[in-house]
Each structure stands twice: as structure tokens, then as C-alpha cells.
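Trainee: For reference, the chains in residue letters:
2 protein chains.
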Amino acid sequence: MDKQTTNWYPAIIFGLVAALVSVFALLVVEKSADHSNGSVATQQQNGDQKTYEWKLVTTWPKNFPGLGTAPENFARIIEDVSDGRIKVKVYGAGELVPALAVFGAVSSGSVEMGHGAAYYWKGKVPAAQFFTAIPFGMNAQEMNGWFHYGGGLELWREVYEPFNLVPFSGGSTGVQMAGWFNKEINAVDDLKGLKMRIPGLGGEVLNRAGGSSINIPGGELYTALQTGVIDATEWVGPYNDLAFGFHQVAEYYYYPGWHEPGAMLEFIINKDVYESLPADLQAMVESVTRQVNQDMLDEYTARNNAALIELKNQHGVKVKRLPQEVLDHLQAIAKDIYAETSATDPLFGKVYKAYSTFAEQAADYHLISEEAYYESR
Amino acid sequence: MDKQTTNWYPAIIFGLVAALVSVFALLVVEKSADHSNGSVATQQQNGDQKTYEWKLVTTWPKNFPGLGTAPENFARIIEDVSDGRIKVKVYGAGELVPALAVFGAVSSGSVEMGHGAAYYWKGKVPAAQFFTAIPFGMNAQEMNGWFHYGGGLELWREVYEPFNLVPFSGGSTGVQMAGWFNKEINAVDDLKGLKMRIPGLGGEVLNRAGGSSINIPGGELYTALQTGVIDATEWVGPYNDLAFGFHQVAEYYYYPGWHEPGAMLEFIINKDVYESLPADLQAMVESVTRQVNQDMLDEYTARNNAALIELKNQHGVKVKRLPQEVLDHLQAIAKDIYAETSATDPLFGKVYKAYSTFAEQAADYHLISEEAYYESR
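Quick note, the sequences are listed as chains A and B, same order. The number in my numbering is simply the position in the first sequence, starting from 1, with 587 added. The number in my numbering is simply the position in the second sequence, starting from 1, with 587 added.
Bear in mind the hints are in silico, worked out from the structure with no lab data behind them. Any given hint might turn out to be false.
Note that identical chains are pooled: a pair holds if it fits in a single copy or bridges any two copies.
[Said to hold, decoys possible] The calculated lysine-lysine pairs, modelled on DSSO-like cross-linking and capped at a C-alpha distance of 30 Å, are: (1) 899 - 940; (2) 674 - 637; (3) 905 - 637; (4) 905 - 940; (5) 770 - 637; (6) 674 - 782; (7) 937 - 674; (8) 649 - 779; (9) 922 - 899; (10) 637 - 907; (11) 711 - 922; (12) 649 - 922; (13) 937 - 779; (14) 637 - 711; (15) 711 - 937; (16) 637 - 899.
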């Protein structure tokens, strides 16, 4: 157990973007399992067809609502469609490997498959962040358009190629909330000195705006808000936030989630494992990941509504919009960071250029379609 | 051929909602095929597994961009994932049966599967319209949430049960455009006397606002706009509209598409056929339809952007927003129509109640998530 506990510390320190994982993984009892014998593919003869038994490791606690549902759904459905030719066993964070070891475990082939989010791996490859979410970036519908008809998935596969991994889009939360605050934000100056739990690029943006981004494990967040160790924390959205009880210790619930306009999650499969599959099983993996990808957004779309109503009507939560001048200021800082990082990291620059070209065009049409329609009704 | 030609006329007359089908189907050369011998399932022995050869009839011309891509994708992918156990041959509108005979052909079992839109069948069951789109209703993300986590799909299956059909969501265009106009709309009064090609519920709303909804076959629309027979027409969105050349004969391109906030299309399968499938093939059909359902929105999200840029930059199209007072007026009329129809048609009323309950909650959260985020950037 000591080995796994110490594995966590540097992972958290080195600036992980792990908005959720850095937190929940620490809540999980780490059941250390023997994973030294993980073979690339346990294959058995079943009639004339090989069967595959896969381990799927995740960055979420087992059955974590919403996010952790996707790997369970994948396992259930792939067994159904393949009539048992692929059997997948899902391991929560820490059960087989720690949350932040998912990427490495699938890359090395010690397990076959993983579910998490690309921005957790920014320490290995900063460009990976574009495949989850960036401040003021694309929402779920736009990300899916980019992945499947805008060259995004091809770029993602190129970025993961050196790690022997094949990525697939693995679900989205939709636009998140800006978070829970005990300090009102009425102007840009109110960001100065703001102590907020906000990891990754969002945290960098806040720091440049004069705030102070702080990494605090999930188990301590509630108390940290209650005692004033932090003034604010971001989390996900009503469905996940309600369960956490933040409304009991924070005064304001701010929107919109500028730092994370929908986290796009990922399935990753070891490339050798994927390529060794017969064509029909490869096609099934692609179909089922696409199905599960959409399913998560469908679930959040339904459940966030119900949770928001409970938060407002039963708990009297004060829902507030961040002022536009604050959002404009944060967006300007974010663009500076993207430009600076692009100048020093060519792969980051290449992906940013492709991402932002598609994003600008998507925003152009969404301004007069989705956005205008929302406003019209 | 006479028989099929006369089949069209009453179909168009009886107020079809068939925004696209009423039009394109008439453009298609109707290749009358012998469909008297259509058996429910052509099954062959292949080793120890049965194989299925299905006919899939559609309400679109063969390979019609966007809408017609979905059935082709379904056919290709289901053959891949099933390793040839299900083979699907796609027929465009009029090739085997006329577009508006799709529902009946699948219902009777003369073909196994269809692709179209539920609101085309409002003459058989008015409640079907909720499963495609209604004026000021839900957009694609909300419809998917309702179908898959809000009870919508179960209701849809209940509505189609008497017709021996199993429906699946079959792709969405996203929010459409309000259409092409040669008359400026600056106030509610400008709707009076407006001659517009707009079918279905949208047309009913326009008529009550003092306009005049006109059904004109697609092949005549371009000339009708050019000669002033109509003042305006709705179609889909930039990707499909650009190909049609409406920008050459209309002055203004209005948004947002209040009458059709994203058409959700459908796959329908004959119930006996579906239930006769082994469990793994049923699971494949479900996976692949979900995959194709998402894929269409992804494609429109990418391609509408590019087409809009071409319309604006190369063709100088004037893109204009309908005034909010006009939209408010149209929305009030739409709600009156839903209430009146609910009072006389219990099934319509039942579905409307479920639909609107989910829609109001979804709008509540989207106001502070998707909508607020669009506005913030």
C-alpha cells in the first residue's frame, strides 16, 4: 500500500489538470491488486473464434455517477454485441492501478483498455489537453463535430501514436458550472487574492488574473470551503455537485463553466491489442464507444436539470452569472497562454491551430443556430 | 407507374409535415420495383448462424447529403459489426416505394426497415410529431436526453406499437435556419399576407399569424421564389441550402429556425423482424443506430459552418435575425395549438405533457450552461 500512496503525491504536485481524478481517486480505498501478470490479450478458443478478456482501468471510483457509468456501459454492451467474444472487467481508480497510472498501464500493455480524460496526461504531452477541454474552447456538440468530421480524431491518434495508444471519444459532461463561491465576483478586481481549487489551464488563467489556484484533495474540499481555507471550488455540474453537498458550505453557485465547457472523456486501447482484433470486433469497439460517448451527454442533459431544480427549490442555492467583463478578461488571458505555449511547443501549436480554426467556424454558425435559438424561446 | 404517381397527390394535399420529403421525393425518378415478394426476413444458413438480408426504404433520394447518409452508414456498419450476418440494401425514395409509403411498407413487413422522420406520419398519428421536432421545442441535445434518459423513447415505442414498428432515433440536423426571404420581417404585421413554403405545425402557426403557408414541390421552389409566387421558403441549414442555390433568388437568410429546432430523424424496424433477431444482433442494431444518430449531428455541425462561410463570403448573403417580438408572437400561437390539439386528441395530449415537462426542465439548466456559455465567449 505504501508504494501506491507515494505514487499519488508527485502526481498531484506536478500540476495535474485532474479536476476530478486528483480528488476522487484519493477518496477511494486502494485495493492493490496483482497486476504483474497482465497479459496483452487473454485469448481462448471458443469454437472457431478467439475470445478476449480485457481489463479496463479507470480514473474514477467504481460506478462514480455519470463519468464512471461510461466504462461500465462499454463493458456490458461490448459483451452483448460480441456475444461474449470480448469480456471486459472494469477496475475503479486504485483497484488495479492508481488513477493517474491509467495512461501508462494501457500504454505498456499491462492492461488492455482505460477510461479517463486526455488532459490528465498533459505532463507527458501538453497537446493532449485539447482533446478534453480548454478554457473558452468548444462545447460537446462542437468537439464531436471536430473529432468525427473535422480531423480532430486523426490528430488525437497522431498525438497518442508514440505511446502505443488508440484513443476514442468517451463521453461528455456538457457545459459545466463555474463553481461554488463564498465571495461575490462583481468585477475583475474581485479575482485578486481569490483562493480557488481549480486545476490545470483554468488554474493558470486564474493565477495570471491575480487569484491563487490551489490543489486540494476531494476529501478535504468540503471542510476547506467551510473553514475558509479556500474561497471557491469548481466541480462538475448540478448532478455531481448535489451529491457532494457543496451547497451546505458555499453561498453562491456561479455559471458558466468558462474553464471547462464540457469535459470530453476518453477511451484508450493499447494499439497492439486493438490491431490484433479481427475486423468485426474492431468495428464493434468503434460502434460501442460512439454509443457510450453520446449516452453520457444524454444522461447529464437529463440529470443536471433535475438536480438544479432540487438545489434551487429545496436548498435555496443562489445561482449567479459571472459578469461579462470578468469572462472577457479571463478569455484574453487564456488566449495569451495558448499563444505562448504554441511558441515553445510545436505539437501544442499544431493542435491549437487545427482546434481553433474549427472552433471559430463552429462558433460562427452556432451564434445564429443553437445560441440564437436558445435566446429566442 | 400511374399507380405510384397518383399515390403522391393526396399525400401532399393532406397537409404533410414532410418538409423535405414532400419535395425531394417528387424530384426522384420513381423506379417501380417489384415489392410484392418482400418477405419479412430472408434467412440463410451460414455455418451455424442465420444471416439476414434486409431492405431499407427511405424518405430521401439515394445518398441525399446529410439526411440520406444515415441509412447508408447504418447499412455499411451493421454489415461490418455483424461480419455479414445482417446485410442491408438501401433504397432511395421512389425506388421501391414512394417516400410517404415508407411507414406502411415497414409496418406491413413488405420491407424490414425504414429511415425518415416521425412527423411525416402525423396523418396516421398526430402525436408522432413530437418525436421529430415541434415549433419552439427541444434541440438535438435535449431530444437525445429525453429519448434516452427521460422516457421519450419508451413513449415513442408505445405510440408506434399499434403499427407493429420499433423506432430508434436516427440522426439530427441541429437547429435549422428560419429560411430564405424576399420580404423583410421587422414586426408581427410583416407576417400578414406572407406567402411562405412551410409545411406542418410551422405552417399552421404562420397561418394563424396571418400568413399563408403554401406547399410547393422542391423542383418548383427555386422558380417560385424567383418569380414571386412565394415570398419565402424554409429548408434545412447552410449545408443543404447552399447546394440548392436559394441564395441566387432570395435576398435574406433568416434565423433562428423556430419552426424546427433540429429535426430528429428515425429508423423504424418491423417489430416481428426485430424480435426474431438473436440477442447479439438486436444489441448491434441498437449500438449502430445510436452511433449513426450521433454521427449525423457531428456531420452537420462541421459542414454547416463551412457552408455558411461560403454563403456569406462568396455569395454575399444577408443573414438576419427574426425580431424577438415576432418570435414571441409565433411561440404564443404554437402553445395555443398544442393546448387545443391536446384537448381533442388524448394521445397527443399525453405525449405533449411528457415532452413539455422534460423540455421546461432542460431549458432551465441550458439557460445557465450551454446558452450562457455561448453568450460568454
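Trainee: Evaluate each hint against the coordinates.
Mentor: Against the structure, the hints:
no.	hint	in the structure
1	899 - 940	between (40 Å within a copy, 23 Å between copies)
2	674 - 637	both (11 Å within a copy, 24 Å between copies)
3	905 - 637	neither (57 Å within a copy, 60 Å between copies)
4	905 - 940	between (39 Å within a copy, 29 Å between copies)
5	770 - 637	neither (59 Å within a copy, 66 Å between copies)
6	674 - 782	neither (46 Å within a copy, 60 Å between copies)
7	937 - 674	neither (38 Å within a copy, 41 Å between copies)
8	649 - 779	neither (38 Å within a copy, 60 Å between copies)
9	922 - 899	between (34 Å within a copy, 27 Å between copies)
10	637 - 907	neither (56 Å within a copy, 59 Å between copies)
11	711 - 922	within (22 Å within a copy, 54 Å between copies)
12	649 - 922	neither (36 Å within a copy, 45 Å between copies)
13	937 - 779	neither (33 Å within a copy, 53 Å between copies)
14	637 - 711	neither (35 Å within a copy, 49 Å between copies)
15	711 - 937	within (16 Å within a copy, 54 Å between copies)
16	637 - 899	neither (53 Å within a copy, 55 Å between copies)
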